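Protein chains in written order, with my numbering: chain C, 2 to 45; chain Z, 406 to 608.
Hints were generated in silico from the structure; no laboratory data involved. The structure displayed is predicted, hence computed values, not measured ones. Treat the hints with care, as some may be off.
Claimed, not checked - Selected chain Z positions facing chain C (in silico; Cβ < 7 Å): (1) 499; (2) 503; (3) 506.
As the list claims (entries may be wrong) - Listed next, the stretches of chain Z that the computed footprint assigns to chain C, with coverage defined by at least 3 CB atoms under 8 Å from CB atoms of chain C: (4) 417-424; (5) 445-458; (6) 522-529; (7) 581-590.
Stated by the list, open to error - Listed next, the stretches of chain C that the computed footprint assigns to chain Z, with coverage defined by at least 3 CB atoms under 8 Å from CB atoms of chain Z: (8) 2-8; (9) 14-27.
Backbone N, C-alpha and C fix where the C-beta goes; we use that ideal spot for every residue, glycine too.
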Amino acid sequence: MIKVGDQAPGFELDDHLGRKISLAQFKGKRHVMLLFYPLDFTPT
Amino acid sequence: MPGVERLQARFAAAHTQVLGVSVDSKFCHAGWGDALGGISFPLLADFQPKGATAKAYGLFLDGPGITDRATVIIDKDGVVRWVEAVGPGGEREIETLLSHCEAVDKEHGAGLSAWPKAKGWSGPATLYVKSNCGFSSWTLQARSNLHLESAITVKNVSEDAAAKRELEGKAGKGQAPCLVTGDDVLHESADIIAKMTAAMTDI
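So that you can see chain Z by itself, here it is in the shape it has in the complex (with noise of 0.2 Å):
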């Protein structure tokens, strides 16, 4: 996933959407993510009926009652161009998947246009959170997500009095987690979260 992360301009080039997909749920995706170092590109969450997707491909492992690790290519058109399964040990040669990318775009990707630009992150913003909060982590992991460590400041209310009396006096309440980027003030984990995502990512 770090491998794909790392080339997702060049994929784009290809007009390719990468989505990663396991029988987790988000929360857990959202965790994972932040722990492979921030991964930006959708992971779907195969969670609810388990696995529905990945028996719709007959990729699904009944035993362990997970995921084959296999790569599916559809073209624009929604016809699946490039299958391989290599086992849920086995290794995946990003580079030869982009080369794979690459052919499908040149035989069924005419007309396609270059994608809208992600906008960025503007302005300073700080995040308020508060120790034990799976609110506030999932907040955390967006931000990590999203490779916004530098736009975004951390300030942790449950350990920082300071941090608080700032944030009461910014938010007129000191509920947590709480994003600040000037004048807007978003309480609700799933506001942030969307905020922070309509600006760094083009879909």
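So that you can see chain C by itself, here it is in the shape it has in the complex (with noise of 0.2 Å):
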């Protein structure tokens, strides 16, 4: 599992309104929270 402190891996992934997303287009202008989850539709 990645670690604090760690450089955070880069991505770009669609997103559920059609959009690329990338880590790279926040970078200087806003921190990130990614919150993964195991599944849609699943009870959590």
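Dock chain one against chain two, each of which comes alone in its own frame, and use the hints as you go.
Listed below in structure tokens is the structure:
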């Protein structure tokens, strides 16, 4: 698992509104909180 | 996710962009966001190759082929400042995560400016849809995820002959989905969703 102090791996992924979203687009502008979760439409 | 949606303004005040990530497709995400009452922050499809981003973060669970329930807070320079995995069946405490984001912002957020505000939806609009149509569903889910239910009226041309005639009058053809905003007529679902997204989000 990634650790505090590591450089976050980059990504570019489709979102549910049809956009391409990358980590790089927020660099120097915003912090990012990634919420990883198991699967859509499952009990939480 | 709905808890985070309700606290979007406070995450924004802490200069923090929230992104959901799972191995589902973007279409599945759209339906799931709709089912949760509307999710306007990005839900990312770590879909092809499956789980590649989760694997890069060491959060992919090979056995079930899903992602751990885990939170990673990354500062504006791309450095990881907080990580927590609670297991697939675990729960996240959103207020606690918000306080971690606020702490990261206090320590590493010097020089960040306030976010641009979304311009919001203007003018009455009608979304014409068809029954049993994936493109129509996709636009309806975007309307829900962006909380545009009261701004955009929906008419189903498969069930409502008057609506079909109305659409033909405004758009010159009965093809649905179609979003009509004043004189602006959009037929492509991607264009319809892009117009909604541009009005209602700041990215």
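Each hint tested on the structure:
1. Taken as an interface hint, residue 499 (chain Z) does not check out: its beta carbon lies about 9 Å from the nearest beta carbon of chain C, beyond 7 Å.
2. The beta carbon of residue 503 (chain Z) comes no nearer than 9 Å to any beta carbon in chain C, farther than 7 Å, and the hint placing it at the interface is violated.
3. Hint on residue 506 (chain Z) holds. Least Cβ distance to chain C is approximately 6 Å, under the 7 Å limit.
4. With 6 residues bearing a CB less than 8 Å from a CB of chain C, the stretch 417-424 of chain Z meets the requirement of three and the coverage assertion stands.
5. Coverage of the stretch 445-458 of chain Z by chain C holds. Counting CB-CB distances below 8 Å, 8 residues qualify, and the rule asks for three or more.
6. Evaluation of the coverage hint for the stretch 522-529 of chain Z: breached, as 0 residues show C-beta separations to chain C shorter than 8 Å, against a requirement of three.
7. With a threshold of 8 Å between beta carbons, the proposed coverage of the stretch 581-590 of chain Z by chain C is violated, since 0 of its residues qualify and at least three are required.
8. Counting residues of the stretch 2-8 of chain C whose beta carbon lies closer than 8 Å to any beta carbon of chain Z gives 7, which reaches the threshold of three, so the coverage claim holds.
9. With 11 residues having a beta carbon nearer than 8 Å to a beta carbon of chain Z, the stretch 14-27 of chain C meets the requirement of three or more and the stated coverage holds.
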